[in-house]
Amino acid sequence: MTKTGAGSPSAASAQLDGGIDERALQAEIDRIGREISSAEQPSAVRHPARAIDRRAMALASRDDELRIALFRLIDVTPACRTAEDLGRHLASFAGELEPSRGLAAALRLADTRAGRTVLGGAVAAAVRHTAHRFIAGETPHAAAGELGERWREGIAASVDLLGEATVSSDEADAYAARCAGTLDELAHLARAWPAQALLERDSLGALPRANLSVKVSSLTAMLRAQAPERGVADAATRLRPLLARARDLGAHLHIDMESLDALETTVELALELLEEPALADGPSAGLVVQAYLRDSPVLVERILTWAVRTRRRQPLTVRLVKGAYWDHEVAEAVQHGWRVPVFTDKAACDRNFEVLTRRLLDARPLVRVAIASHNLRSVAHAIAWNRLRGGRDDDLELQVLRGLGDELATTLARRGTRVRVYAPVGDLVAGMAYLVRRLLENTSNESFLLAQEQGVPLDRLLAAP
Amino acid sequence: MTLGPFVNEPTLELRSAANRHALRDALVALDARLPLGVPALIGNDRGSAEGFQSCDPGTPDRQVAHAGVAAATAVNAAVEVAVAAAPTWAGLPAAERARILVRAAAILRERRLELAALEVRECAKPWPEADADVCEAIDFLEYYARGAIELEAGRPLLQAPGERNTLRYAARGVAAVISPWNFPLAIPAGMAAAALATGNAVVLKPAEQSPACGLALVEALRAAGVPNAALALLPGDGQTGEALARHPAIDTIAFTGSSAVGREIMRTALETSTSRLKRVIAEMGGKNCVVVDADADLDEAVPALLYSAFGYAGQKCSACSRILAHEAIAGELERRLRGALRTLALGQADDFATDVPPLIEAAAQARVRRYAALAETQGRIVARGPQAPTVGWFCEPLVAADLPLDSPILDEEIFGPLVTLEPVASVEAACAAIDALPFALTAGLFSRDPAMVAAVAARLPAGNLYVNRQITGAMVGRQPFGGNRLSGVGSKAGGPDYLLQFVEPRVLTENTMRHGLPLT
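One line per chain: the protein sequences are A and B, in this order. Here our numbering is used: the first residue of the first sequence is 65, the next is one more, and so on. Here our numbering is used: the first residue of the second sequence is 79, the next is one more, and so on.
There could be a bad hint or two in this list.
Here's a subset of chain A near chain B, in silico, CB distances under 7 angstroms, partners left out [stated by the list, open to error]:
#1 Arg95
#2 Ala143
#3 Thr146
#4 Glu148
#5 Ala291
#6 His392
#7 Ala395
#8 Glu396
#9 His400
#10 Gly401
#11 Trp402
Quick caveat, the hints were computed from the structure, so don't treat them as lab data. Just so you know, even glycine gets a beta-carbon here, dropped at the ideal spot from N, CA and C.
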C-alpha cells in the first residue's frame with residue numbers, strides 16, 4: 065500500500081503543537097480511517113431503501129435545476145392541504161424545468177384532477193419517507209423506543225425539538241414548555257436504560273444520559289442581530305429555568321448555534337447564564353463552534369478564556385461542527401456587500417476544523433469536546449490526535465446526525481468510541497426547514513458523504529485537506 | 079478616467095459591535111454640534127440660517143437645525159443663477175461631470191457615520207435604515223455617473239446612403255428638485271445626481287423637516303466640483319417649493335412626495351409652461367398590498383410583513399398598508415401577527431434595539447391617530463404593538479380588520495404604522511381588489527407556486543412586485559423603483575431608463591450627397 069495521496073507531507077515533516085510530528089499524525093489518521101471504513105457495511109446491504117434515497121440524492125446533486133425544483137417542492141409539501149393541491153404544485157415546478165427531462169408524462173397526468181391527486185399522493189409519501197430518515201419521531205414519546213434501542217447499542221443521543229419560527233412570546237413560551245416536558249420525559253426514560261460505562265462517564269466525571277439541544281431563536285422572538293442584548297434578556301427568562309430543570313434532573317442541555325445573525329446573542333446568553341452562581345454546580349451544558357466561520361478561532365479563545373475564569377464544576381461541552389447555514393451566510397453577505405463570513409474554500413474550512421479540533425482537545429479539562437462530523441478524515445483526525453496526545457478514548461465524544469451518520473455511529477460505537485446521534489423530533493411542517501438544510505448539505509458538491517458514495521478512493525478521502 | 083462597473087455601496091454590518099460603537103460615537107460628536115445652521119446657498123451667496131427649525135421627532139425639544147426660509151426673491155435669484163450656469167455645466171463632457179459625482183460619492187462615504195447620525199436625529203431613522211439611506215445616496219451618484227457617460231454616446235439609428243443620422247441627448251436646462259424627508263439623503267441625491275450627471279443645473283428644495291440632510295448633500299456635491307452656480311440649496315416650506323415649481327425658467331421638476339402635492343405641481347407646471355413644456359418627474363404615494371396565498375410559509379411571511387408595515391413606522395412610500403390573506407390561512411396569520419406585534423420595540427431611533435421609531439412630526443401623529451380611531455369605529459383592531467412612549471411623536475403599531483369596503487382606511491395612504499388584514503376567497507379576488515385601487519407603487523406576494531407567481535406578476539399594475547420577501551428596501555441597479563397610475567410617472571429611479579427624463583433627444587440628419595456621390 066502506498067503512502068497517502070495528494071496532501072501527504074513531504075520528506076521534511078512539520079511539527080504540530082505538543083511536539084507531534086505531522087507524518088506520525090497522518091499515519092495514525094490513515095490507520096484509524098481505514099479501520100472505520102472497512103468496518104462500515106455498505107449501506108445498500110442493510111438498508112435497500114436508503115440506497116434508493118442515495119441514488120436520488122446523487123441525481124439531484126448532479127443537476128442544479130432539478131435539485132432546486134425538488135427542494136422547493138419538498139418545502140411546500142406540508143402547506144398543501146390536499147393531494148391534488150400538491151399535485152398542482154408539482155406540475156407548476158415541473159413546468160419550470162427544461163421540457164426534455166422526461167417529465168412530460170407527469171405533466172400530462174397533472175392535467176386532470178384525478179391525475180393531480182395521484183401525483184400529489186406520491187409526492188407526499190416520498191417526502192414523508194425522506195423526513196423519516198432525518199426525523200426520529202413526531203414527539204419525544206414517539207422517539208422513545210428508538211432512543212432506548214440506540215442506547216442499548218452503545219449510542220447516546222441529543223434530542224432536538226423542531227419548531228416553527230418563533231415570532232411571538234407565546235410561541236417562545238410554548239417552545240420552552242416543550243423543552244421542559246422533553247427534559248422530564250428524557251430523564252424518566254433514561255432511568256430505565258441499562259448501564260453503558262462509555263456513555264455515562266469520562267475522566268472528569270459523570271455524563272448525563274438525558275441530553276437535549278435547544279435553539280435560542282426558538283426561545284425568543286426578540287432576536288436582533290444589531291441588538292443582541294434584547295434577545296439575551298428575553299431568552300434568558302426562558303433558558304434560565306430550563307438550565308435549572310436540567311440541573312435538577314441531571315440532564316445535559318446543549319445550546320445550538322444557528323446563523324451568524326444569532327451568534328452573538330447565543331454566545332452572550334449561554335456564557336452569561338452559565339456564570340450565574342445558581343447554576344455553578346450544574347447542569348452539564350454545551351455550546352457549538354462552527355468551523356466554517358472565519359472568525360471561529362476567536363470564538364474558541366473567547367470560550368476558553370471564559371472557562372478559565374468561571375471554572376464551572378461541570379465543564380462546558382464544546383461541540384465542533386462544520387456549520388449548516390453556509391448558503392445562507394454567503395447569499396446574505398453578497399447581497400449586502402459584506403465580507404463573506406464563512407470559508408468559501410472547502411480545504412481551508414477542513415483545515416480550520418482540524419486546527420480547532422486540536423485546540424479544543426488540548427484545552428481539556430477546561431472543556432469537554434464533542435467532534436460532530438461525517439467526514440471520515442475529520443473523525444479519524446480527532447481520534448488520532450487524542451491518542452497521540454495521550455488522551456483517553458472516553459474523553460473524546462463524536463457526534464453524527466440521524467439519517468446521515470447512522471452507519472458511522474454504529475461503527476464508532478463498536479470500536480468503543482463514545483458517539484452521540486443528534487436526533488430531531490417534531491412534525492413535518494416544523495421539520496421542513498431542517499430537512500431542506502440537510503438535503504442541501506447532503507447534495508452539495510462538497511459533501512463528504514456524497515464523495516464517499518461516489519467511490520472517491522480512501523487515500524484521497526483521508527488525505528490532509 | 080474609466081469607471082469600473084457599478085456595485086452597491088455595502089451597508090454597515092451592524093451585527094458587529096465595533097460598527098455599532100462607531101455609529102454611537104458619531105452621534106455623540108454630532109450632538110455636540112447641534113443645532114446646525116442651514117442657509118440658502120445661491121451661487122457664492124449664503125443666506126441667513128434663521129427662519130425655521132428641524133427637531134428630533136423622538137425628543138421634540140431637541141433642535142437639530144436652524145434654517146433660513148428661501149422667499150420668492152431668493153427663488154428667482156437661484157433660478158437666474160442656474161440658468162446662467164447651465165450651458166457651461168452642460169458643455170462639460172459627461173465623463174468630467176461623472177468624475178465630480180463620483181468624488182461627491184467619496185465625500186459621502188467618508189462622512190457616512192456622521193450622516194447616518196444626522197438622519198437618526200433629524201428624521202428619526204433607525205440606525206440600519208439611516209445607514210442604508212446614506213449608502214443609497216452614494217449608489218445614486220455612482221450609478222447615474224456611469225449612466226450619463228453611456229447616454230452621451232446617443233443611440234444608433236438606421237442609416238441610408240447619402241445621409242448621416244445621429245441621435246444625441248442634450249441636457250434640458252434647469253431642474254428643480256423637490257425632495258421628501260423620509261429618505262432625506264438618498265432621494266434628493268438621486269434626483270439631483272440624475273439632473274447633474276446629464277448636464278442640468280439644479281435648484282434643490284429639501285423637505286422642511288430635513289434641511290440639514292439637504293445641506294449635507296449640497297456641500298458634498300459642491301466640494302466635489304459642481305460649480306456653486308450650477309447647484310443651489312433653497313431651504314423652506316411648501317411656499318418655497320411652489321414658487322420654484324412655478325418659475326417659468328424651470329425646465330424639469332423632479333418631485334417625490336405626496337400625491338396631492340405631486341398633482342398640484344403637474345397642474346401648475348402646465349400653466350407656467352410659457353416658454354417651454356416643463357417636464358414633471360413625480361414619484362408619489364401608494365396603497366401597497368401584500369397577498370398571502372394559502373401555501374405561503376407564514377414563518378417567513380410574518381416577519382416580512384412586520385418589517386414592511388412597521389419599519390420606519392410605516393413612513394416609506396413602499397410600506398405595506400393592506401394584507402390580503404387567503405381565507406384558509408387568514409385566521410392563523412391574524413393569530414401570529416397578534417403575538418408578533420407585541421414583540422415590536424417602540425423607541426428612539428438611536429437605540430439599536432428599536433423596531434418602530436416615532437413619526438416625523440406632530441401632524442403625522444395626529445393623522446395616523448385619526449385613522450386608528452376610524453378603524454376602531456368602522457371595524458376592529460385585531461393586533462396592537464406595545465404602548466407608545468409619551469414623549470416623541472410615537473404611534474402604536476396596529477392591525478385593523480373587518481372594515482367596510484368603502485372605508486377610507488382601505489384606499490387612502492396613511493403613512494404610518496397601521497395596516498389592514500382582509501381575508502380573501504382567492505388570490506384572484508385579492509388581485510381584483512388591488513387592481514381597483516388608484517395607486518400602483520409596490521405590491522407583495524407570498525406564494526410557493528411558480529405558476530401563481532407568474533399569474534400575479536402578469537395581473538398587477540404595481541411598479542415593484544416583491545415575492546416572498548419584504549416589500550421595502552429597493553436597491554439601486556437591482557430594483558429600479560417607482561410606481562404607475564397615481565403613484566408616479568413610471569420613471570424608475572435607480573434603473574437604466576431614469577436619466578432619459580432629464581434630457582431632450584436631438585437628432586441630426588446631414589445630407590452627405592455631393593455632386594451625386596454619397597460621401598458617407
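**Asked** Once the shortest beta carbon distance from A/Thr146 to chain B is found, is it less than 7 angstroms?
**Response** 11 angstroms, violated
**Message:** Just to be careful: measuring from the Cβ of A/Ala143 to every Cβ in chain B, is the smallest value less than 7 angstroms?
**Reply:** 4 angstroms, holds
**Prompt:** Once the shortest beta carbon distance from A/Ala395 to chain B is found, is it less than 7 angstroms?
**Reply:** 12 angstroms, violated
**Asked** Is the interface hint for A/His392 satisfied, with its Cβ closer than 7 angstroms to some Cβ of chain B?
**Response** Violated, about 13 angstroms.
**Asked** Given A/Glu396 as an interface hint, is the shortest Cβ-Cβ distance to chain B below 7 angstroms?
**Response** 10 angstroms, violated
**Message:** Let's test the interface hint: is any C-beta of chain B closer than 7 angstroms to that of A/Gly401?
**Reply:** Holds. Min distance 3 angstroms.
**Request:** Would you check whether A/Arg95 satisfies its interface hint, that is, whether its CB is within less than 7 angstroms of any CB in chain B?
**Result:** 43 angstroms, violated
**Prompt:** Quick one, is the A/Trp402 hint okay against chain B at 7 angstroms, beta carbons?
**Reply:** 5 angstroms, holds
**Prompt:** At a threshold of 7 angstroms, is the proposed contact between A/Ala291 and chain B supported by beta-carbon distances?
**Reply:** 4 angstroms, holds
**Prompt:** Should the interface hint for A/His400 be scored as holding, given a Cβ-Cβ cut-off of 7 angstroms against chain B?
**Reply:** 6 angstroms, holds
**Prompt:** Quick one, is the A/Glu148 hint okay against chain B at 7 angstroms, beta carbons?
**Reply:** 13 angstroms, violated
Checked against the numbered hints given earlier, this structure breaks hints 1, 3, 4, 6, 7, 8; the rest are met.
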